[in-house]
Amino acid sequence: MLESLFAVPMPDFDSTPPGVLTGRWSCALVWRLALASVAMLLAIVLLLPAGIFLSAPGTDLTGQFIAWRAFAADSIRAGHFPLWNPYAYGGQPFLGDFQSAELYPSNVIFLILPMARAVNFSFLLHLLILAWGMGYWGYRRGWHPLASVLAGLTVALSGPVFPHLYGGHLSNLSSLAWAPWILAWLEDAWQGPARRPLLLAAAGVCLQILGGHVQYCFYTGIAAGVNALAHSFAPPAVRRRALPMVAVAFGGAAILAAAQLLPGFASLAESVREGKLDFSFVKMFSFPIENTLTFFAPGVFGGISPDAYWGRAYLWEVSVFIGVSGVVLAARGLFDREHSRTARRDLAVAVVLFVLALGAHTPLLQLLYDYIPGFGQFRSLAKFTFPMILFITLAVGAGADALLRGRFGSRRFALAVLAAGGITVLAGIYLWLQPESIGALRNFIVNSRETYMGMPGFAVAPPLAVLGAGAGRALLVAGGLAVILGASFAGMGRRPEFRWVPLVLLPVELLAFAWGNLGLSNWSDVAPAQLQAYLAANPGDYRVLDSLHMNNGYLLGAPDVWGNDPTVLKRYAQFIAFFEGNDPDHATQYSSFKLLPRIFSIIRYRYAIVPNGKGYTITPSSGILPRALLAPEYQVLPGRDAIFAEMAKPNFNPQQIVLLETQPATPFSSTGGAPAGKVTVSDVTGDSLTIEADTPAPAILLITDLYSHDWRVRALPGSVQTHYDLLPGDYILRAIPLAAGHHHLVVEYAPPSFYWGLLVSGVAWLVWLAAWFWPAGGMNEQPARAFGSWRRARA
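End of the sequence shown sits at 1307 in my numbering; the numbers just go up one at a time, nothing left out.
Keep in mind that the hints are not guaranteed to be accurate.
[Stated by the list, open to error] In silico DSS-like cross-links for lysine-lysine, where the CA-CA straight-line distance does not exceed 25 Å:
{"#": "1", "residue 1": "LYS795", "residue 2": "LYS1082"}
{"#": "2", "residue 1": "LYS1082", "residue 2": "LYS1106"}
{"#": "3", "residue 1": "LYS1082", "residue 2": "LYS788"}
{"#": "4", "residue 1": "LYS1126", "residue 2": "LYS1106"}
{"#": "5", "residue 1": "LYS1082", "residue 2": "LYS1161"}
{"#": "6", "residue 1": "LYS1161", "residue 2": "LYS1106"}
These aren't lab readings, by the way, just hints derived from the structure by calculation. Just so it is clear, the structure is predicted and the values come from calculations on it, not from any experiment.
Given these sequences and hints, build the entire structure.
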């Protein structure tokens, strides 16, 4: 099947004029290169020290993904597929959290390799998949092989991609890697025989979903739709097919990925992301217009570290670097006589995506937020710069292809590049000599309240002299490179070998950028030995509040009260917000813990762990409830606010009374005092626990774990009841009304959405395979004919 993806021969260039470079792909060569590149990546990973991660400390990798991948891998190796994560946020859906990526095929490497090697291999593998996809897209457009390689290298090492390695964004890279494949297959589908390219596009979107970052899937869909609209000037056959095929591919992908989507949507329905997010949250990390300078001067606002970057947002969200050479080659592609039409269309798509990336910096976001589904579900509109860079890279590849085929451009083009370089050099010299002149820009950024430099927890901004000098140096280097490139274009007519100046400078710039944006961390950044030793020496069934490692409870040895992830249960986020003195109606995944009230005993909060510069200060709480207890009384109250008000009273006793929202199926009256019964908890896993209880009178079994509507109770032999109801108790916990007698039951997390999703996905993939192999005459044409149709349409 995969061989057919690369079976298209390149045009034969043997009869081209002197000075034009020729080349062709062959299926065998492509597969040899693919296997060699994967083997090279594996060798690099194995040569790295065993405990080193290719990401900076304090990022999402060390603060989330490593612990989650370890939890999933250890559970699966033990024969259990985890659906619930008890180690973050007091408990939350695990499969339903897209970023767990349990169903993503390449995550099987976490079952095979040690953690650090698996993480590093996953990072590099997805950069390679992304580069292959961009190269494949150019290859389908008939580019010279070297132009395809340069395009792949450009996008893999570009600003919207490579800095995510520093940020530890494992799910980002897993999902965005498939975008160029999807867009290329869609173009194949609407420009030729559609069946197999359309099937491949749907499979690619499915992989984006399973990869863990559905925001990139949504943005890829927007980009595909804009690209389809841009093809409205194509031949009528293409024009009629483009948008419908985008809809078919993404709709089919949703069915293929139902095993992930259905539990994911069920989980979101209970989370803080239920419905629209606050507009103030959605507009965070909109692309700042001044960061267009990072197209060619990546360090103009400082380095990648949040303590070195003084611009708006985080640099890994708002860098658009493709290098001075990339910008010049894109311009060359735009004005090339053979590629100008397609390059103009590609850059028009890029402009639309750039406007969307600006987010709150234009009035458009408010309209999209109000009227277009999906735009109220995500923050960081700056992520639109990733699909934008894909379409700009198409112009870069077109420019490289033009040079390789001997079309060097006019003298006016060379003079324009020289002039742009000269102006940039002068700006750099001015800032270098007058660094304080950067003050107006710095004040503008500070007043926007979108910068972290100087805020609590971040470094104080350096003096203006340092900022201005740094920006000046960045512009001086960029301008100098542009002057070199302009001179090389001016001389290409007489010396064709000068074409290699931009073609060599491009990878040099990209590799230098990648080297400057590489971070390293180790196991001590994930699970400090000091904390592990302390928690091991103080065993118990409790939770901690660790301000630096909120998602890492599995590796530290104690579940965390809080976390850092979008799928925190809404009930729980509201509870934390209210009792920390905030508005529960605006609860999000973020909270500042300052009060730590007595009521936190119901979530088994035991220790607060705070770094103190030399180590950690560990402060114990006054007491915690057991995992399960029998309460003799209950009270039904009409909703969240009434329940919180009752719980906030000084005399509220959670061991005596449970607050319910509805009457139990069999109401009972209190007998006064605690029931003379006992509770035993056993066989505890992330998804279930077995309980035996004996009570001489009706009581409420209160489990101090978080409630979700997908938790169920199943009676075991010997129970006095055959059916049990599981209700929300104290708004956030699990409450089970018990009759008098002996009870033996299992409380388990069993979301029906997962099992229905498995069924739908299984059937969908069988249909996909049947459609791929079904010998349906003309519908089974090879992609070579699709390529030929596209070439004829373009001509």
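Status of the hints after comparison with the structure:
Distance restraint check for LYS795 and LYS1082: the Cα-Cα separation of roughly 21 Å lies within the 25 Å cut-off, and the hinted pair is therefore satisfied. Of the pairs offered as hints, the one joining LYS1082 and LYS1106 holds, with about 20 Å between alpha carbons and a cut-off of 25 Å not exceeded. In summary, the hint linking LYS1082 to LYS788 is supported, as the alpha carbons are separated by about 13 Å, within the 25 Å threshold. Between LYS1126 and LYS1106, the direct Cα distance comes to roughly 22 Å. Compliance with the 25 Å bound is thereby established for this hinted pair.
Using a Cα cut-off of 25 Å, the hinted pair LYS1082 and LYS1161 holds, with the two alpha carbons roughly 23 Å apart. With a CA separation close to 19 Å, the supplied pair LYS1161 and LYS1106 stays within the 25 Å bound.
Checked against the numbered hints given earlier, the structure satisfies every one of them.
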